[in-house]
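K.L.:
Listed here are the chains, written in short residue letters.
There are 2 protein chains.
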Amino acid sequence: MTNIDKIRLMMKDNGVDMYLILDADYHKSEYVSDYFKARSFISGFTGSNGSLLVTLDSCYLWTDGRYFIQAEQELANSDIKLMRIGVKGVLSLLDFIAANKGVLGLDGRCMDAAFVNSLKRKKIEVKDLNLIDEIFTDRPSHCNEMAFELDIHFSGESRESKIERLIANSPNSIQIIEHLDAVNYLMNIRAHDINHFPVLFSYLVVSKDFRWYFADEKKLPHDLKGKLLAEGFEIRPYENYYQDIASIRDQTIVMDFNKISFKSYQEVYLHNVLFNKASYADMMKACKNEQEIKNLRAAHIVDGVAMVKFIYKLKKEYANYDEYTAGRMLDEIRLESALELSFNTIAGYKENAAMMHYSAKKESAKKLDKDGMLLVDSGGHYLLGTTDITRTISFDKVSKRERKLYTTVLKANLNLASAKFLKGISGVNLDILARNPIWQLGIDYRSGTGHGVGYLLSVHEGPHGIRYQKSNLRNEDTKLVEGMVVTDEPGIYLENELGIRLENELVVYKEFENEYGEFMNFDVITYCPFDRALINKKLLTKAELKQVNDYHKMVYKKLKNHLDEDERKWLKQECAKL
Amino acid sequence: MTNIDKIRLMMKDNGVDMYLILDADYHKSEYVSDYFKARSFISGFTGSNGSLLVTLDSCYLWTDGRYFIQAEQELANSDIKLMRIGVKGVLSLLDFIAANKGVLGLDGRCMDAAFVNSLKRKKIEVKDLNLIDEIFTDRPSHCNEMAFELDIHFSGESRESKIERLIANSPNSIQIIEHLDAVNYLMNIRAHDINHFPVLFSYLVVSKDFRWYFADEKKLPHDLKGKLLAEGFEIRPYENYYQDIASIRDQTIVMDFNKISFKSYQEVYLHNVLFNKASYADMMKACKNEQEIKNLRAAHIVDGVAMVKFIYKLKKEYANYDEYTAGRMLDEIRLESALELSFNTIAGYKENAAMMHYSAKKESAKKLDKDGMLLVDSGGHYLLGTTDITRTISFDKVSKRERKLYTTVLKANLNLASAKFLKGISGVNLDILARNPIWQLGIDYRSGTGHGVGYLLSVHEGPHGIRYQKSNLRNEDTKLVEGMVVTDEPGIYLENELGIRLENELVVYKEFENEYGEFMNFDVITYCPFDRALINKKLLTKAELKQVNDYHKMVYKKLKNHLDEDERKWLKQECAKL
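Here the protein sequences line up with chains A and B, keeping their order.
Under the working numbering, the first residue of the first sequence is numbered 1, with each subsequent residue one higher.
Under the working numbering, the first residue of the second sequence is numbered 1, with each subsequent residue one higher.
Just so you know, the hints here were simulated from the structure itself, not pulled from any lab data.
Warning: the hint list may mix true and false statements.
Identical copies carry no separate label here, and so any pair may be met within one copy or between two of them.
[Stated by the list, open to error] 25 Å max Cα-Cα, derived BS3-like pairs, lysine-lysine:
(1) K423 - K572
(2) K423 - K88
(3) K577 - K361
(4) K577 - K120
(5) K510 - K88
(6) K420 - K400
(7) K88 - K479
(8) K546 - K572
(9) K577 - K542
(10) K316 - K225
(11) K316 - K370
(12) K546 - K404
(13) K122 - K420
(14) K569 - K553
(15) K400 - K28
(16) K420 - K537
(17) K577 - K538
Next comes chain A alone, as it looks inside the complex (with noise of 0.2 Å):
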C-alpha cells in the first residue's frame, strides 16, 4: 500500500474527502528543516513551493512556473497530477477546494489562521487532522545542538530592553508570537535548527503580568537559563505549548493571523479577544540600532573580502571551474569566516543565470569558459549579521551586448541607491527608480527590487521591501525608517540567453531636516567592485560615472589590509577610475 492509499484509509476513518500536506513547520518559516518535509516526502516533489492535495480517488500538486520542469520529473513515476500555477485554465488551490466540495482534512500546525480562515469564508468545510505522524516516522530528527545567546555587542539591545519596548507597545494585551524571527530577535538567542535560518524552535507569551517562553529546556545552555529566570520568564516545555495558551481566558490577545498557526487560532478564539496585527516586534528588528549596523559595516568586510577572493581566483582559473564547482569554491571562503551559508549559493553561467533561483547540479553543471557571464547570488551568517550579494562576472570575453545590458542592470541598481527621499516614503514609491533603465529597454524582472534582511536571522524579511506592486501577503507600502537594511537588486533575466543581476545592500539614513520633513538616504554597505569590463561608461550619466568611481574607491579602501598582495593588486585595478 503506498503512502497515499495509507492517507486514503485515514481520511475515510475521519470523514475527510481531502487532505492537503505542505512542506511547513509550526512557524510559518520561509526555510523549513528536513523533519518537516511532509509533502517532499509523500509526493517525492522537493521543490520549495508545493501543496499536495490527496482526495479520495486522485491526487494533485500545485507548484509555479520555477518548478514545472523539476515537478515533471519528480511526479514521473507517480499518478499525482501536476497543477501549474499562474497557467491558463489551471485551477489555484482555494478555487480547486472549493469546486471540489467536501471536507478538507489539513495539519493545523502547519498552516496559518489567516489561510484557513480564507477557507472557510469560501464555505470549505475544515478539519485539523494530523495524518502525517502516522505515516512519516522514520522522519529526520531534529537538530540536537545546544542554542547560544547573542552577546549585546552583537544584538545592541538587552532582551529585557527588547520585550519591555514590546509589551509597552500594547501594554493591555497578551502578545502571542509563533514566528521564530520575531521569538529569536526579542530572546537574543541563536540556535542551528534550521538550515539558513540560525534559530531555536520556541514561542513567546508575553503581558506586562508574566512571561512565557516556550523551548527546548535541553537546548538551553545553563547561564542562560538562569538569566532568563532571573528576567522573569517562565521557561516551558515546547510541546505544552497549544495546552497552555488554551488556557489563556478573557484576555485581550494580539497576534498575526498571517504568522499564526490555524491551530493556535481555534485555542484562544473562542475565549478572547483576538486584534489580528504584525507584531511589533517586526518592525522593532527591521529597525537595527547602531550597534547592529556597525556590526553589519563590519560583517560585509569580511564578506566582501571571501568575494574578491573568489573572483580574484575564478576570473584567473575559470578554466577550471563549472557552474557547481564555483558556487563551492566561494563557499569555502566564506565559510572561513561565515557561521553558516544565508542560503544555498546560485551560480549561474550563461543561459542558466536566467532563471532567477537556479541550483547548478553537479552532474550538469556548466563548464566555465572565456564568454558569457556568471551569476553568483549569495550571503552567510555571522556574528555580526547576515549578508546577501550578488555580482555578475565575466572571463575573457565581453560582447557589446552584454556591456549594455550589464550597464543598464549597473545604471537601476545606483539610481536606487542614490535616491533622497522624504521620510514618509515606502519601497512602492522608490522601485521604479531602478526598474526605469530596464523598462526604457522594454524589459522587466519578474521580482521585486529589494527586500529587507534580517540580523543573523532569515535573509528575506519584512515587512517593507522595494516593489511597484502591493500584494495581499507583504506589507510593501511600509514606510522606510532609519535604520532599515534592504536590498537592491535590480536585473535584466533573457531566456535562454543571459541572466545579469547586481544586488548591494542599503541602509537606511536620516540625512538631515528642514522646512519640508526628514530627508533620508542610502548608504551601501556591501563591498566588492562592479565588473570593470562589463561596464559602457559612455552609457552612464556624469553623476552616474561618479558613483560607480566613488564605490569603487570606498571599497578597495576596506578591503586592501584584508587581501594578499595578488589580490590587492587585482582590487587596486578593478576599482581605479573608470
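The hints should help you fit chain B onto chain A, whose structure is shown.
P.N.:
Here is chain B on its own, set in the frame of chain A:
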C-alpha cells in the same frame, strides 16, 4: 441684526446648536457659481477653501495656509474666529464639532454623503436644515445662457454609446450621478452655468429600464430636446430631482458617496440597497478616445500659439507690464480662440511666485523688471478640449542660482515625461521620477506632480493623478491606462525668493506588448518652449539634453505656421539646438 444673529435665531427655533456653511453647490463642483457662495456672503471671507461654523455664542472659520493672510484681512471687522488648518493646537472642523457636542445643522444638498456619514460615525447628531435661503435673498442669479450639444466631431462618441457602456457596467442597478463633469460628459452637453467649468446643472439617473435627465428645460435647445426624447430620455425638471429619486423603491443603486449629496442619500437609503462606488463614467471620461486626443493636440497648438505670442511680446516689452497686466495680456490673446479660461490665470513675479496659487491684485501687482522670473500658470477651454500649462519666464538678467533651480525643475519634468512603464503602474509609483531631482537638493514641492484634465470640463479631473501619497479623498493609485491625460508639473518654491513650475500635459499611450506585459509611455501634447536663458545645459545628462532639443524641434514645427514673421524668428531661436 447681523446675518449670523438671524441664523442663530433660526438655529434655536430648530433645536440646532451648530450650523455649518460652505461655498458649495448641489454637485460637489470644484468651481462654484456665485449663487452658491453662501459662506463668502455670510462671513466676508472669499477664499476658495473655507468652512464657517456658527454656534449659539460664537463663530469659526476654517481655512488652509494659502488663505491665512487673506482671511485675517477679510475677517478683521467681524467676530469670526479664524481656525488655521494644519497649525499645531488647532482642532480640525470634525474634531471641533465632535468636542462641542450638540446637534449640527447643515444644508444636506451642499454636503456630500460620505462627509455627513463620517460626522455620524463620530456620534454627531445631524439635522438637514436650510437656513441660508431666507437670508441670502439677494443672491446672484443663475446663468441663463443656453446649453449646447457637443458634436460627435468633438466628443468622439455618441451619447447613446456612452450611456450603453455605462449601463453595461452595472446592468442590474440604477446609477445615480450628480457630479456635473460626469453628467455633462455622458450627455455630450455643455453650458455656461459655472465660470471655468462649462457645464449645465443637471442630474442623471439611469438603468436598463429608464433614463431620467434632470435639467432646466428652458436651457435646452429645441432640437436637442427632440433628440433626447427620441433616445429614450425623460427630461425632468431640475428642481424635482430629490422628490423623484425618493420614489425609487426596492432597487440596487450604485452611487459615489463622495460625490452624492447627503440629501440624495437620505432620500434613497432606507428603501434600496446602495453600493458606494465611483461612477464608471469617471473612468470613461478619464480615458480620452482617439478623436478627443486628436482634438486635444489641435487645441494645444492653438493654445501654444497664444503662449508663444504672449512670451514673445512680454520678453520685449516687460518694462510696460506688471504681474496683473501681464496676466490680462495673456488672457486677451488666449480668448481670441478659447471659449473661456479653464481657471483664473496665475501670474506671480519673483517672490510672489513662491505662493503656488498666487492671485495678483491690480492695485498691488509687482512691476516686471529685467531680473527675476515670472511664473505663469494658465489654460483655456476650447471645443477641442481643455488646456493647462505653466511656464516660468526670465527677462534680461538671469542669475546662476535661477538657472540651477530652473534646470532642476526641467529635469524633473523631463524625467516623468520620458518614463516607460508596464501596465499596472499608477501615479504613486511614478511620482518619484519627477520629485527625485528636486529632493536631491533637499527641496520639496507641497503638491502632487500631476492631475488629470477634463475635455471641456473641469481642468482638474480624476480618478488618476501623479502623487506619492495616497489621500483618502483621492484615488492616486488608479492605474494609468491608455488615453488618460495627466499634467507633469513639478516645481520649486522658495519663500520670499522665487517660484518655478514647468507644466506640460501628457497622454498615456500603449507602446508595445511583449512577454513582460504591455509597455506604456507618455506623449507630450503641450507645445511651448522652455526658457533657454534659464537652462544650464551642463546640469543635463546627454539624454535629457536630447529630450529638450527634440521637444523644441517639435514645438517649432507645430507652431511655426501660425505665427507672424517676428514671432517665428524668435521661436526659431528659442527652439534652436542647445
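K.L.:
Can you tell me if K316 and K225 fall within 25 Å by alpha carbon in one copy, between copies, both or neither?
P.N.:
Neither: 51 Å inside a copy, 85 Å across copies.
K.L.:
Measure nothing new, just compare the shortest in-copy and cross-copy C-alpha distances for K420 and K537 to 25 Å and report within, between, both or neither.
P.N.:
both (24 Å within a copy, 23 Å between copies)
K.L.:
Could you place K316 and K370 in one of the four classes (within, between, both, neither) given a Cα distance threshold of 25 Å?
P.N.:
within (10 Å within a copy, 65 Å between copies)
K.L.:
Within a copy, between copies, both or neither: where do K569 and K553 come within 25 Å Cα-Cα?
P.N.:
Within. Shortest intra-copy distance 14 Å satisfies the 25 Å Cα cut-off; inter-copy 51 Å does not.
K.L.:
Pop the pair K122 and K420 into one bin, within, between, both or neither, using alpha-carbon distances up to 25 Å.
P.N.:
neither (45 Å within a copy, 39 Å between copies)
K.L.:
With 25 Å as the alpha-carbon cut-off, assign the pair K510 and K88 to within, between, both or neither.
P.N.:
between (46 Å within a copy, 24 Å between copies)
K.L.:
Using 25 Å as the alpha carbon limit, work out where K400 and K28 are close: within a copy, between copies, both or neither.
P.N.:
Neither: 45 Å inside a copy, 58 Å across copies.
K.L.:
At most 25 Å between CA atoms: does that hold for K577 and K120 within a copy, between copies, both, or neither?
P.N.:
Neither way: K577 and K120 sit 61 Å apart in one copy and 66 Å across, limit 25 Å.
K.L.:
How would you label the pair K546, K572 (within, between, both, or neither) given a Cα cut-off of 25 Å?
P.N.:
Classified as within: same-chain Cα gap 17 Å, cross-chain 36 Å, threshold 25 Å.
K.L.:
For K88 vs K479, is the C-alpha pair at or below 25 Å within one copy, between two copies, both, or neither?
P.N.:
Between copies only: 24 Å across chains, 35 Å inside a chain, cut-off 25 Å.
K.L.:
For K546 vs K404, is the C-alpha pair at or below 25 Å within one copy, between two copies, both, or neither?
P.N.:
Answer is both; intra-copy 18 Å and inter-copy 20 Å each pass.
K.L.:
Up to 25 Å between alpha-carbons, please classify K420 paired with K400: within, between, both or neither.
P.N.:
For K420 and K400, the Cα distance is within 25 Å only across copies (24 Å; inside one copy 32 Å).
Checked against the numbered hints given earlier, the structure breaks hints 1, 3, 4, 10, 13, 15 and satisfies all the rest.
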